[in-house]
Amino acid sequence: MAVCKMKHITVFGLRKYRKSIMEHLQRCGVVEIRNTELEDSVFHKQDTSQQSNIFHKNSALAMKAAEIIDNNCDNKKSLLSSFEGRKVISSEDYYKFIDEEEEIMRIGYRVLSLNKSISEEKSEISRLQLQVDSLEPWRNLDISMRFTGTKTTSAFIGILPENQQKEDISNNLSEFFKEKNVEIKGYDIEIISSSKEQTCVFIICLNKDKEYMEAALRFLGFAKPMSPSKATPKERITELKKRIRVYEDNIENYIKEIKGYIGISNALKFMSDYYTMRAEKYEALELLSNSKRTFILTGYISEKDALNLEKDLVNDYYAAVEIEEPNITEDIPVYLKNNSFSSPVENVLETYSLPNKNEIDPTNFMAIFYYIFFGLMFSDAGYGIIMFLVCGILLLKYKNMEDSMKKNLKMFCFCGISTTIWGFLLGSFFGDAVNVIASTFFNKDITLKPLWFSPLDDPMKMLMFSFLLGIIHLFTGLALNAYQLIKHKKYIDVFYDVISWYMIVLGGVLTLLSTSMFADMVGFSKPLPSIVGKISGACAVIGIIVVLFTSGRTSKSPVKRLLKGAYGVYGITSWLSDILSYSRLLALGLSTGVIAQVFNKIGTMFGGGIIGFILFAIIFIIGHSINIGINALGAYVHTNRLQFVEFFNKFYEGGGVKFNPFKINTKYYKIKEDIKNG
Amino acid sequence: MDNLGVVFALIGVALATFMAGIGSAVGVGKAGVAASGVIAEDPSKFGKVLILQLLPATQGIYGLLVSFLVITQIGVLGGDANISIAKGLLYFASCLPIAFAGLFSAIAQSKAAVAGISIVAKRPDQMGKAIILTAMVETYAILALLISILSVFGVKGLAV
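Residue numbers (my numbering), protein chains in the order written: chain A, 6 to 683; chain B, 347 to 506.
Because the hints were derived from the structure by calculation, they are not lab data.
These numbers were taken from a predicted model, which means no experiment stands behind them.
Certain hints may be false.
Stated by the list, open to error - Heads up, incomplete: computed chain A residues facing chain B, CB under 8 Å, no partners named:
1) Lys411
2) Asn413
3) Ser586
4) Gly639
For each residue, glycine too, the CB sits at the ideal point set by N, CA and C.
Required output: the full structure, derived from the provided sequences and hints.
Here it is in structure tokens:
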């Protein structure tokens, strides 16, 4: 229940300490800097976009270079690397890298230009390769492809479509000549090569027949080869291949050189972080107002950090610091602080919306119900244990992981515990695995008895239990609404908006339970005594009357009021659908259990024995993995839905803006606070 | 003719499985197409769009679930597959809610999922909302599932 109290902070400092103060703020990361709207003849803004752009550019450049080195060195990221988080850089390395900034960046540029050359030469190779491929059919031609004939003869070197034999071509030619009524005999056809698509030919004829031959060949679809070379095709191919080899050697050398820089990869990553850091510092500078010798910084800070920071700034940098209550009309950023049990679900709350300034932080209540609902929907002890172990081990192994990842894993860790508990209560351990394994492989009849009851045997009971949980959840939401109303001193509204609904819903439920039909359905041995039914019925009616006459109280006209009141009463249907919505607790819980049973059943279809057992094990592992994946997703999504739609609907609007302090936003390295960043 | 009951029951089983299955297949397919488009632009969003793509997959599973419950109760998987025609028809009717609601809700949900994927493409931080909007559609499949399950369990105890 903790939205941290935020304070408005104003720092007045000397210009000469501005840099060190900004660096101090960036290291501490506790102040969200807001735009100081003060511009006059004395105070003015500073435009730093040019500097920050340069730093951003350098940062991107260093990152690219580091990526190129990593890619060339097969520095494959492992699947688990996303859990590792950023490394903490030692101060020794920090200063060493900064000292070598120029050298590191020179290598960065070098790597980029090498990479550019590689891609250029690769495209050159593929261009040459294309030429080689087009020359390949001409390999057997032992003269230049530009050869046009001797003094008395004319030569045609080119391509005819499709695969043709020498006879085919000469037949075609003589047919053509016959049609044209000319007689040409003195020509020779040589097939250089042929494939399915084309035939490469060398045709020679007398000079006087040149025109007819040309016409005939054109008719047959003759085409001259592209870019004929001066040398013979064979020589040309050798030459081209030589050039390709040169390029390949070059590329190999470039890659070798890039690989040689593997030690610099980390330094480049650091430089990328370093430049980002500096760019952000310059961006923050734009928010300040500066005079010739002083500057003013405004922003927000949480109450607990305020005193420490004030002390540091005043003592070390001779600044004047003013900390005051923020104006209620400002949009104060929201900073949540919760204990380790409920803080994991802060991420879930964030995906909906953070509380606005009039609201309380619902995280604590949400957390309790979140874990319960998730467990009930996932409801299998085996799955719960797996989830708990996986998340737990990851948490223990990767201590350095990012905060939001840590929160998520912790949340699933708690969900795993809850799932395990529900699993044992409802008698599900990998579905009915215990029973199936015992009866198939050991011929024994062992069942894991549920500690409470099995929803497959009595789904109605489970359904009623789900509705009961739902009503508790909704009533909690309503109670939180009452708390908020009281906080804002709207006492009468508590009666109109909260107590009236308690009366309607509780009264309604109890009245239904006093009828024999419903009592029977729920599984009560006999209905509640009729006196209870009468009293609760009266309560419900009073509640309805209250809602009818009060929910339109903001309107002036009595007709409008009554109509709005009637609409308020119509809200009963939304309560009904809200409560029914909790039936998903049963449905999803059953679906986990039943699908697990399906896989167990498929597994046992091969009977007992060793082979049967091996097949069973394979199906067991694959099947349950699928089931865990799909049902964990389902449980997650629908738990969120119950919180966001049903629960929040009763009291929560959200719309707060997240506290976003000015801090070191690095990608690769964590920079410890004791390092003075320059 | 005596065994016609089990025939009706199995037709119900088939309907629940393949109609809900078709719905999910169409739905996941549509969402997958949209998801691929996002991944082509930004492969790092794979995890996010995968979740949205999988949302319409549940209807098929609900269908499978009801089918499995019926199959185990009518004794097709070993045991005595002898139930009356009336009971077979009752099982058949029990399968219908999830068969139809599954088919259409999965397809409708896929439209919401595609829209949700476009939210993720533009504003990945708003993914939670995209999921919730998409999950809303599923409510009706869950309600149908609930009625199907309750009916199947109810029919088991009926003496017809």
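Violating hint indices (sorted, rising) | 1, 2
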